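> So the sequences go chain by chain: S and U.
Residues 1 to 204, numbered by full-length UniProt numbering, are exactly what the first sequence covers, in order.
Residues 1 to 204, numbered by full-length UniProt numbering, are exactly what the second sequence covers, in order.
Residues from chain U that face chain S, not an exhaustive set, calculated with beta carbons under 10 Å:
hint, residue
1, 49
2, 53
3, 101
4, 132
5, 155
6, 181
7, 184
8, 194
Partial chain U-side listing against chain S, Cβ under 8 Å, derived:
hint, residue
9, 78
10, 108
11, 110
12, 114
13, 133
14, 134
15, 138
16, 144
17, 149
18, 151
19, 153
20, 179
21, 186
22, 191
Because the hints were derived from the structure by calculation, they are not lab data.
This structure is a prediction, so every number in the text was calculated from the model and none was measured.
Using N, Cα and C, we set each Cβ at its ideal position, and we do this for glycine too.
Protein chains: 2
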Amino acid sequence: MRISELSTQAGVPVATIKYYLREKLLPEGERTSPTQASYGVAHVQRLGVIRALVDAGVGIAGVRKVVGVLEEPPANPYDLLGAANAAVTPVVAADIDLSAATALLERMGGDAEKCFPDQVAAVAHALAALDRAGFTVPERVMDAYLVHLSAIAEAELAATPDRSIEDAVRYVVLGTALVEPLILALRRVGEQVAASRRFGPSGG
Amino acid sequence: MRISELSTQAGVPVATIKYYLREKLLPEGERTSPTQASYGVAHVQRLGVIRALVDAGVGIAGVRKVVGVLEEPPANPYDLLGAANAAVTPVVAADIDLSAATALLERMGGDAEKCFPDQVAAVAHALAALDRAGFTVPERVMDAYLVHLSAIAEAELAATPDRSIEDAVRYVVLGTALVEPLILALRRVGEQVAASRRFGPSGG
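Start from the sequences and build out the full structure, keeping to the hints where you can.
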């Protein structure tokens, strides 16, 4: 198909597609004349991934990393997960006290030294922000986070497709970044459902 | 204390404190002379809340809403939760198909009509972004999200402090917005722990 049809099918303006081509986020189409190229289903899919990441707030540098993982997926599944995670994880300053984060990880059954440093640092940063606000997560609530987020992670991992490496990368990358808004939205709705159950629908 | 000491205690520059005063996010201090005012512990706490929200990516308009809730908390706990949630929830376009989101809510034991529209719309937007990316959450994984996020929400609600309305507002507002980075970070770490358990630490 021509670029105009690709634009229609993917719902992405032609100028934006050209920008992605220049940035090498999207592979070149097959040249059919000096001024025209032909695009296929793979381009539509790739545009879907790019737009979804951009919509989820991932910057161009992050999109570039995801595209890199999609184009050259690592062979070991654990490294694959790490590369995919890293691609969509903002780099945070690592000069932070990791002890509280490390202790939480141990309670999840993990080992901070075997985890990717950015992920442990992200936990430490989240804890530090709560501290700065003078907010303490009640112990029973923290227990609930550790138990139920571990269970979610196990379910996600168990469902990783093993048909092809492309499928697995796609699942991990998109599942990590794009599912986050869903998880947060479901938690907030869940809080309302719980509140409505406890306090009745509305006062006024 | 003077503004300079407030600045030191709260770790916020004097110029920023003056900006918050002008924006009425921070109440005026007690005048001690035409050019000086005295600040107390309440100012330190309020600055902690403001900085934490700003650090968590909440804009000034959102901070203003949270401050409004803190200063005039609604009487009904359910409305309180809604106001607090709304204060830290970005407004999303509501012209979106809510049917899939409504169905998920029912599976959580909730009723979309009793939930705040922005929250239901947020679920719908998250689902639409996944759709656009061509990503389907496997059914068993979606089940895990619904079950475990409901359990997290119940635990959070059960721990809402009832000593004072200020405590409850503070808990709900900060607990909603500030805990999100922790939840996302713990999920990602949880995925690594699960992957390491399944595939061994690293290949290379």
